[in-house]
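A.B. asks: Take a look at the letters that make up each chain.
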Amino acid sequence: MKTVLHFAICILTMCILCGCGQSYCWHQSHPSYKKAPTDSIAVTGLDEAFVVTRSSWFAKRLEISKDSIQTFTSHFCSKAFLEQLQKSYKSVTVIPDVAFSHFPEESQKLDTRIFMKGRLPEQGIVVKDSAGNVPAYILIIHEFTLGTDLQRENFYDYALIHNEAPEKKTSQNLSAIVSYTLWDNMKQRPLYSAVNQVDQPNVKLTLNDISKIVASSVQQIKQELTAGVK
Amino acid sequence: MKRFILAILIFVCSAFADNIFFHNHWTLWKDADVLIWSTDKVPALDSKEFCLSLKRNNTGIGEPKCRVFGEWERDSIAVRYSGWLIANMEGNVKAEHLRARHPAMVAKIESIEDKLILFIGERDGKIYAATFDENAAEPVAAGVFEKTGDKIALGDKIAAAFFDGAAKRRLTKEERAKRMTEPDESYKEVPGFQGWAGVAVGYSQAKIPLTPDNWYSSHTESRVRNYRITKDSASLWNFIDDSDPQLALYAGGTWYGFIGAELMYRYAYHKVKTDNKDTVYQELSYWGFHQHEIGINVVLSRTYTHTKWFKTTPFAFVGFQYSFFVEDIGLKDDSKEHSKAYDVRIKFEDSYKGALVGIGSHFVFFNHYGLGLRAGISSRGRNIEEDPSPEAAAEPTTIGSSTIDCFINLGLEYHFSM
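First to last, the sequence lines map onto chains L and W.
Sequential numbering of the first sequence, starting at 210, is according to this note's numbering.
Sequential numbering of the second sequence, starting at -10, is according to this note's numbering.
There's no promise every hint is true.
[Claimed, not checked] Partner residues are not named here, just some residues of chain W that face chain L (Cβ under 7 angstroms, in silico):
1) Ser65
2) Gly72
3) Ile75
4) Asn81
5) Arg88
6) Ala96
7) Glu99
8) Lys140
9) Trp298
10) Phe299
11) His357
[Unchecked claim] With a Cα cut of at most 27 angstroms, we get these calculated BS3-like pairs of lysine-lysine:
12) W:Lys136 - W:Lys220
13) L:Lys243 - W:Lys167
14) W:Lys19 - W:Lys97
15) L:Lys439 - W:Lys19
16) W:Lys300 - L:Lys318
17) L:Lys326 - W:Lys97
18) L:Lys244 - W:Lys300
19) L:Lys243 - W:Lys19
20) L:Lys326 - W:Lys162
21) W:Lys140 - L:Lys326
22) W:Lys54 - W:Lys140
23) W:Lys30 - L:Lys396
24) W:Lys115 - L:Lys243
25) L:Lys244 - W:Lys54
26) L:Lys413 - L:Lys326
27) L:Lys318 - W:Lys83
28) L:Lys396 - W:Lys19
29) W:Lys136 - L:Lys318
30) L:Lys396 - W:Lys54
31) L:Lys337 - L:Lys326
32) W:Lys19 - W:Lys196
Hints in this document: simulated from the structure, not taken from any laboratory.
Note that beta-carbon positions come from the ideal geometry of N, C-alpha and C, so glycine has one too.
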């Protein structure tokens, strides 16, 4: 009987500890999201979404001047993202960010304290690509943050976003956080919205590592778009 | 009779054909202005007939005035939203999925004050309807209805689906201005009062886990000789079994999800630990004590919501209790006379007063059904009701003046909030 009592007390303590732990939901599907895009997709946000944190760290490792590291990496990531997307889908149409820049910035709620910001097309207005065609699905990349040892809750949990991060000398992982929305262009609604985090052990930073992490984040987006179907 | 059955059949068929997607609570104003907003060239409803439908369906609605909402039918932003709305009304959507996002459209909806808006539109040969009030930029209710040529029948159906319930008097300008300054109830994250009631089974013992055995061995290994002799009498566990199952009933509540109170009753049965070597007990059939305890706890808690249907509320409690021990003794049928020792056997105090402290957690499913797990330590001491006499030292010692045990129990609970 004593063993039973000890066991029960352990269970009780564990339950209480689990109860106090914070868990987040990082994605949201529209109830009418029945089919994920398989062959063709349009993408936007490639011009402005990519941002690098700890730019001097990246500049030093990649031996690029500090002034041009942001421009360089965002171009590089954008190109790598598009290349990987073209490998994953048969036809990829790029819609320039300008097509979205006049829409107001809105927030989408993913969890009690998790909100992601981004520009979404107006209700009742379809977005056309440069050739004048109307793509059925648009993958909107709101923010793509590249850095080291990033935690997505520090960027998207409104209770934590004002916390100052300690200055770090070391880094274990190269991380990428991407917030995106799969937009139903025909009915103008967000089908699937999520914030993903990809970590990759950081050995010696090269451009190849960056293209690898961008590629795996594209693969993760594709997997989640399929898994998010209701 | 035939007509009656036919009427029921028609009603059942129409109930299957029509589908209400959602119907949230809204304020139905008495003598309301009902604005019918449609983008169809020929509206599916006739405003005058709809007013009559409203009055027929809900006698408390007063004298509603219905008219076509021409302002929005000619407004390009509203036209764009209405086109989007009709395309997006599907069976599985909730109100939040139909929210207007354009700031100008949101402002329009918020400025309708105490008018009621009925949106109506045709898609794929069906009539889609939604209602709006000033409180949110999303429909309050939405549904789809079979298209028939009969505008009156359609009006009746819509009136029955969306405009039921008690109607409230419209506010004057002053009342409305005053209400604007009041805090909005819907922003409250925790309900004002959350209550629960439960029944639990558990187990208690004198030995507190993770503490040395020799703290308790003098009590737990003690035996009662000759109906009253023990090594000492500080703890009741010198006389009765200390590890027994228990039953608990409790009910309580927390205010603002933080502080609360709980009443509880606990029952256990403890056998007396008679010394088997003692021949005096040969006459005895059974001897034990029913333990009844009533108490009140102060509860400090916090609720964590994990999913829409599951939340946990860890809590800590501290309280006091009264314990009553009711003797249950019987001699064997064949023993003709009982011993003298039987007459002068131990007597417990009428009641004991003690404290209890512990932690636990409620696990609540679907807002109402819960499991409660708790563990703690409780004590029973002397209940001092009169001043100690100057000859206190000469008085016999109180039996069980320091009786401590720990307990754990698991309960089934029902939760409710106000």
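A.B. asks: Evaluate each hint against the coordinates.
C.D. replies: Verification of the hints:
1. Ser65: For Ser65 of chain W, the interface hint is violated, since the closest Cβ of chain L sits about 10 angstroms away, which is over 7 angstroms.
2. Gly72: holds, 5 angstroms
3. Ile75: Nearest chain L Cβ about 10 angstroms off; hint violated.
4. Asn81: Status holds, d = 4 angstroms.
5. Arg88: violated, 9 angstroms
6. Ala96: violated, 13 angstroms
7. Glu99: violated, 17 angstroms
8. Lys140: violated, 28 angstroms
9. Trp298: Because about 14 angstroms separates Trp298 of chain W from the closest Cβ in chain L, which is outside the 7 angstroms limit, the hint is violated.
10. Phe299: Status violated, d = 10 angstroms.
11. His357: violated, 18 angstroms
12. W:Lys136 - W:Lys220: violated, 91 angstroms
13. L:Lys243 - W:Lys167: violated, 47 angstroms
14. W:Lys19 - W:Lys97: holds, 22 angstroms
15. L:Lys439 - W:Lys19: violated, 41 angstroms
16. W:Lys300 - L:Lys318: holds, 20 angstroms
17. L:Lys326 - W:Lys97: holds, 24 angstroms
18. L:Lys244 - W:Lys300: violated, 32 angstroms
19. L:Lys243 - W:Lys19: violated, 42 angstroms
20. L:Lys326 - W:Lys162: Not satisfied, since the Cα-Cα distance of roughly 38 angstroms exceeds 27 angstroms.
21. W:Lys140 - L:Lys326: Violated. Lys140 of chain W to Lys326 of chain L sits at ~45 angstroms, over the 27 angstroms cutoff.
22. W:Lys54 - W:Lys140: Cα-Cα ~17 angstroms, so holds.
23. W:Lys30 - L:Lys396: Distance of about 22 angstroms is within 27 angstroms: holds.
24. W:Lys115 - L:Lys243: holds, 22 angstroms
25. L:Lys244 - W:Lys54: violated, 45 angstroms
26. L:Lys413 - L:Lys326: violated, 33 angstroms
27. L:Lys318 - W:Lys83: holds, 15 angstroms
28. L:Lys396 - W:Lys19: violated, 36 angstroms
29. W:Lys136 - L:Lys318: violated, 36 angstroms
30. L:Lys396 - W:Lys54: violated, 34 angstroms
31. L:Lys337 - L:Lys326: Given pair Lys337 of chain L, Lys326 of chain L holds - Cα atoms ~22 angstroms apart, limit 27 angstroms.
32. W:Lys19 - W:Lys196: The given pair, whose Cα atoms are some 67 angstroms apart, is violated under the 27 angstroms limit.
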